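Below, each chain spelled out in residue letters.
There are 8 protein chains.
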Amino acid sequence: MLSDFADLDHDRLARRGYPEAVYCEGKSVEQVRAIAAALRDRGGRALFTRVRADQVDTVLTELPGAHHDVDGRVVAWPGEPPAPTGGLVVVVAAGTSDLPVAREAETTARHLGRECALVVDVGVAGLHRVLGHLEILRRARALVVVAGMDGALPGVVAGLVSAPVVAVPTSVGYGAAFEGLAPLLTMLNACAPGVAVVNIDNGYGAGHLAAQIAAPVPAG
Amino acid sequence: MLSDFADLDHDRLARRGYPEAVYCEGKSVEQVRAIAAALRDRGGRALFTRVRADQVDTVLTELPGAHHDVDGRVVAWPGEPPAPTGGLVVVVAAGTSDLPVAREAETTARHLGRECALVVDVGVAGLHRVLGHLEILRRARALVVVAGMDGALPGVVAGLVSAPVVAVPTSVGYGAAFEGLAPLLTMLNACAPGVAVVNIDNGYGAGHLAAQIAAPVPAG
Amino acid sequence: MLSDFADLDHDRLARRGYPEAVYCEGKSVEQVRAIAAALRDRGGRALFTRVRADQVDTVLTELPGAHHDVDGRVVAWPGEPPAPTGGLVVVVAAGTSDLPVAREAETTARHLGRECALVVDVGVAGLHRVLGHLEILRRARALVVVAGMDGALPGVVAGLVSAPVVAVPTSVGYGAAFEGLAPLLTMLNACAPGVAVVNIDNGYGAGHLAAQIAAPVPAG
Amino acid sequence: MLSDFADLDHDRLARRGYPEAVYCEGKSVEQVRAIAAALRDRGGRALFTRVRADQVDTVLTELPGAHHDVDGRVVAWPGEPPAPTGGLVVVVAAGTSDLPVAREAETTARHLGRECALVVDVGVAGLHRVLGHLEILRRARALVVVAGMDGALPGVVAGLVSAPVVAVPTSVGYGAAFEGLAPLLTMLNACAPGVAVVNIDNGYGAGHLAAQIAAPVPAG
Amino acid sequence: MLSDFADLDHDRLARRGYPEAVYCEGKSVEQVRAIAAALRDRGGRALFTRVRADQVDTVLTELPGAHHDVDGRVVAWPGEPPAPTGGLVVVVAAGTSDLPVAREAETTARHLGRECALVVDVGVAGLHRVLGHLEILRRARALVVVAGMDGALPGVVAGLVSAPVVAVPTSVGYGAAFEGLAPLLTMLNACAPGVAVVNIDNGYGAGHLAAQIAAPVPAG
Amino acid sequence: MLSDFADLDHDRLARRGYPEAVYCEGKSVEQVRAIAAALRDRGGRALFTRVRADQVDTVLTELPGAHHDVDGRVVAWPGEPPAPTGGLVVVVAAGTSDLPVAREAETTARHLGRECALVVDVGVAGLHRVLGHLEILRRARALVVVAGMDGALPGVVAGLVSAPVVAVPTSVGYGAAFEGLAPLLTMLNACAPGVAVVNIDNGYGAGHLAAQIAAPVPAG
Amino acid sequence: MLSDFADLDHDRLARRGYPEAVYCEGKSVEQVRAIAAALRDRGGRALFTRVRADQVDTVLTELPGAHHDVDGRVVAWPGEPPAPTGGLVVVVAAGTSDLPVAREAETTARHLGRECALVVDVGVAGLHRVLGHLEILRRARALVVVAGMDGALPGVVAGLVSAPVVAVPTSVGYGAAFEGLAPLLTMLNACAPGVAVVNIDNGYGAGHLAAQIAAPVPAG
Amino acid sequence: MLSDFADLDHDRLARRGYPEAVYCEGKSVEQVRAIAAALRDRGGRALFTRVRADQVDTVLTELPGAHHDVDGRVVAWPGEPPAPTGGLVVVVAAGTSDLPVAREAETTARHLGRECALVVDVGVAGLHRVLGHLEILRRARALVVVAGMDGALPGVVAGLVSAPVVAVPTSVGYGAAFEGLAPLLTMLNACAPGVAVVNIDNGYGAGHLAAQIAAPVPAG
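Same order as they appear, the protein sequences are chains A, B, C, D, E, F, G and H. Mapping the first sequence onto the UniProt record's numbering, position 155 (from 1) lands on 155, and the numbers just tick up by one. Mapping the second sequence onto the UniProt record's numbering, position 53 (from 1) lands on 53, and the numbers just tick up by one. Mapping the third sequence onto the UniProt record's numbering, position 52 (from 1) lands on 52, and the numbers just tick up by one. Mapping the fourth sequence onto the UniProt record's numbering, position 196 (from 1) lands on 196, and the numbers just tick up by one. Mapping the fifth sequence onto the UniProt record's numbering, position 38 (from 1) lands on 38, and the numbers just tick up by one. Mapping the sixth sequence onto the UniProt record's numbering, position 61 (from 1) lands on 61, and the numbers just tick up by one. Mapping the seventh sequence onto the UniProt record's numbering, position 167 (from 1) lands on 167, and the numbers just tick up by one. Mapping the eighth sequence onto the UniProt record's numbering, position 218 (from 1) lands on 218, and the numbers just tick up by one.
Hints are supplied without guarantee of correctness; some may be wrong.
Not everything, but these chain D residues come out facing chain A in the computed CB check (under 7 angstroms) [to be verified]: (1) Leu-60; (2) Pro-64; (3) Ser-97; (4) Tyr-174; (5) Gly-175.
It should be emphasised that the hints constitute simulated quantities derived from the structure, not laboratory data. Note that this is a predicted model, so its numbers are computed, not measured. Yeah, the Cβ is synthetic: ideal placement off N, Cα and C, and Gly gets one too.
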């Protein structure tokens, strides 16, 4: 019965053209190695996310020329991203501690074929900082805004731009942030419309979603 | 000091062109009437969401010709939506009980200027139903998928299409759905990338976000 | 043994001089009447908070000349507040739905002896609105900022002023606000220091705390 | 008074014939050794679940010939499972990370006397994968479906088969999975009837329940 | 594309033979009427669960001869259950307040073709009561055990029988039962293996699952 | 098999001698009537707790001479409590709103055969009030302390006496009390040892436990 | 002002006669040493609870002859408990993993002057085990029942005895036990009256409370 | 566009004069070094909070003469606090385990220019201890009260003084304290008005808020 449905997937991949992603957390070095080898043999693009220190060398050995984003814990293969199409994706990090998640989003979006820009350290405690970047924020076709603690930045940014904002809560903060629950709820309750929430610390998902939003419009 | 900042807002409105929204829950009939009158005098488009039965007549009196979406509890003014631009928005409701939220999303997206289609009763318990609508699902530039209970439908749909899926959890279900918490968590944890989550029962927010995603790409 | 400790309380009351407060929720009309009568006989100032419609007439009958703040559900007795001392208390409401809680805070602070000002409808979705009130915000010796939904306003205001901000989450919002839990967490996690959080919808507590902060500094 | 009740237990064991299970987490090596020795002396079947690395050797020394399922962290004794009776149990793992729990379920069911089959990597993000295994899924008299993250797979499978589905949430996933809470709620709220939920990561419990469901029907 | 998948569903229905269920909560009287009429025209068995008082007459008018289980809020059509096949289903209610949920389970299982027995008021606070029903409990091929408050009964029963126990938490109890959360957690953590948990107050789901477990084993 | 266990219960009742309790919430008037009639015919003591307004007359008709504690929503039968034995039970209510729960505890303990005293309005915000009752508090062999909001009173009282304190959280308070969850947690975390926590608003359980603690010591 | 209140404490200690307890978690070795030295110089009884491995030697050096309960992580000084008075305290552990908490309770109660007995491995999954200890359970004037996972044992025991049961939830169990939350809720919702709940894993608090309940009744 | 808003921040800093704070958790040693160097070059005051052991030397090397508060994990630069102005800040720690958080608050307030006093080990289980410090408590213009477990101390203190109490919950305690959630809720629900709650373990935020409350009143 497989043959009845296999075309579903081919069709989807063909239209999407997005690289496959391998979530490395909870996988053994050997499992990751085998997957890397299979991808190399099969060809096509791939991302390895949440790569642990003990997995990196193996992946880089199996996939020569792959790009390792150390901060974002991502390995992208091939190392060169595709030539950018579609609109600009702007990734915004509220604070330095949110940088790893922001980097993961940025690398993901770039290797899905979008032009990317990164803006850091623009928390709402000093509004002049975010207001100082209005021009680049408004040039984006999709934004990724990463914030821990109160998670207020995505709602503030969404009120300043017309493009959709992908909001990523992070697990950074004091006790009552409850490992990211507080900023997650803040983002879901953002007063400004236009905020699309993804999972806590899920930079990959945010970058993927932003790349989809900013994708080139199919002709026709 | 207001004059220093007022241009921020004008700029945003000018670029966006989206109608203002009045959230009617928790407002008195008199407050809603005054807002309706002010909007009529000022001109421009407006949406009244979560309109209670005791508020509807007042709004319709103040804003003659407004459109009342009874199921979605929305009043749109003027009654005619703008001529559609951008891509198609497809709104999907998992079950009959999710219909009010789906309608709110649809009316919102249409009055923000998008062409819309509605697909109902395609829960994951019978996969043939969702698979039977693949063609329309894949024509969308943005999808809104509304589901209560297990909230599994948005993740399944996201795996079948290349456009972003705006996922709306609803408060429909047995006790352990905890008023929408269960489907909310399901959607945030969707295995397929491309799922943008909004607040529980927030059809307006979903329709707005989908309209932004499917907006026409600015020239240049 | 009572006499050993009774002076504790007299001492506290003497130094504080704040009116007694009667929380009316969960009390019968007869209980409230008896308390009002006792207060009238004893003299001194008093506030009745969360007064239900069926309790108001009784209180006003027992305490002629009392002031009834309908929106804030507060009865203050005597009706005239004391001549203001100390610094200015500015009460800020993010949206119209937060007004009852803001009014409760304002009436409380005024009857504890502070000059008060009220600023409404300055949500973070339109930053120009809050920035347009910078002058009055910065004149305050204590601020009360009331917000539901994402609860982001107190943190933004705290970043703009040097006085302490008393933050009051309200139970206004869509499902994932969880009856005020979301804005409560946001406020506890505010990035800007200087945010003092009180209970959900507790306008009385906020007004009391602000009045204490802005109290005249004792000579000495 | 013990003698009055002891027969209760003998009766139960006699009818059930299921091996005793020793939950090794939180037990010392010496405690586990003593239990293993006692079981060897007494005879009969036994399972050691959640066996830690520092406990394995001791158990294998005390119980020569025992079978050690490394992935599933189970030791079964005697090493040979009984000849299978009853119906087929099919164990399904949504992803590679769910494999340890799936293995624990499989080993348990097999050593309780059922024929077992294992199907892996059939997440709902690619429906063609689960649909490609329809034949084996429909041959089962009981299924165990293991999934983390959104936990949507058991509900989808339950809609495709007529046998009961034992659903096991795992603690795999991003932050908002809350250590398995998200898939647990998803499974409890499955739209399709026929889903029996067990504890997070409880492969043993799932395998036991499936073995009971697929047990041979007693004659008479 | 629908035709490619429609056979999936037919196949499932053909093998299962279980009646369709209509969850009436959140549906209008007119919606329920239309569904009832469609079912009558199409033929086949159906259950209406959670039927509200204002919906019952309409359903009974459209489906003459239907059976109305008042306590369980279920309407079954046709009124006569099928001749029983498979094994016995025993439904156990811990207390009188759990009876509506137990009745819903019983009616469901009976109209899915199982012989049923009901045992009531056997809470764990008086063990002699549950021990007094050991014989009937042990004759079951599947049990449904309904309990609120501490939810301890299913685990105790599972320790006394060899058949699977479907555990249904109810929303009955003092404040710290949190609308069924407490017994839900108790059941998920039952020490005895063999407990299959379903949603809070979900008698329909429990009855359906028990009917599947006790279904006649297909020949071959 | 019943006869094997029935003596268990007779034995327990004989030694305990406590009246049976009927929890009326969720029972119909007819069910309560039938239970009342059966108790009257059988004889012995009984308590009806959480009696609704529509149930009271029926109970009083079936059980002439029964005592109705209106505040505590309890009916005790026979109306006269037994002659007190054992030690004194002191019931303490932090505020007026906690009085119904305190009354339920008091009536329960009295009809289980203890001498009782009630102390009201001794919240920790004014320590002199609780310190003023030290003498009666220290005469108790068991105390019941009822408090909502911060629930701090039981821990403070436990630090002042040597007898055990039964702590009852109530659902009284602002939003972040979460229907009694806040005082429940406070009591479980009391710094002073000697605090025994029962369910939210469960005055019956608290009175019963206190009566057991203060029971006369059996000779021997 | 201290002198006004110091007698409060002396009075309490004099009447209670219970040893002071030092909670060692979160204290440095040097802090614990200083406290031990001060206690030795002052005289009187003391318990050190939750003693870490790195603290034990220091305590034993400062307090020669102290008793170290390794399982219960308690050091009692002097090593000899006082001659027992009052009634018997029976400590019951549901499983082997609950033993450390049970031991802490037992050592505490014994050094507060009660005779103690310990019963282990009597989980509700095998009722015959708890029923086999009925005689010793019924001889107790206070019981401590320690259980993790479903936490059902205290409620079952409370239904079998007339003395109060102090229930201690433990953090033992699979994921949905949520570090002891599940058994905590179970115990708070126990159907049988007479269950006094204390904090998760708080064996010290349970032993102290039981010792108070079983204390000798003061003459007079 | 930056120049339009930059003055906002200068204005704020000028009026506030509070040192910048660097939250070191989640920052690399190199990042902290770079920030320290930049601050040294720029001049002005700064606090480094939550400094890890591996970061301290680097900070002290870059900022010679800085003060390292080991207990409070704070580095203040310059090492000398400014000459105190405004009112007295009294920091109160309920127990020894709350001392690190109390120290962080004290160092923060002192380096923001306030005179500080520290009171330790005054938990509510022994009221005489807190009552013994009434004089110093009442001399404060702002208090910081740090408490874990039941978190009852701030509410008790607030009832004894007229100045505002900044309440800091700590993550100290048994399981049901849930890492500080229990004392957090207690403080939010304090019966006494005048309690300002900050985040769990957030000594810095508490010290900052207290310094603002006790700031000198600007002339005019």
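Verification of the supplied hints:
no.: 1; hint: Leu-60; verdict: violated (22 angstroms)
no.: 2; hint: Pro-64; verdict: violated (29 angstroms)
no.: 3; hint: Ser-97; verdict: holds (4 angstroms)
no.: 4; hint: Tyr-174; verdict: holds (4 angstroms)
no.: 5; hint: Gly-175; verdict: holds (3 angstroms)
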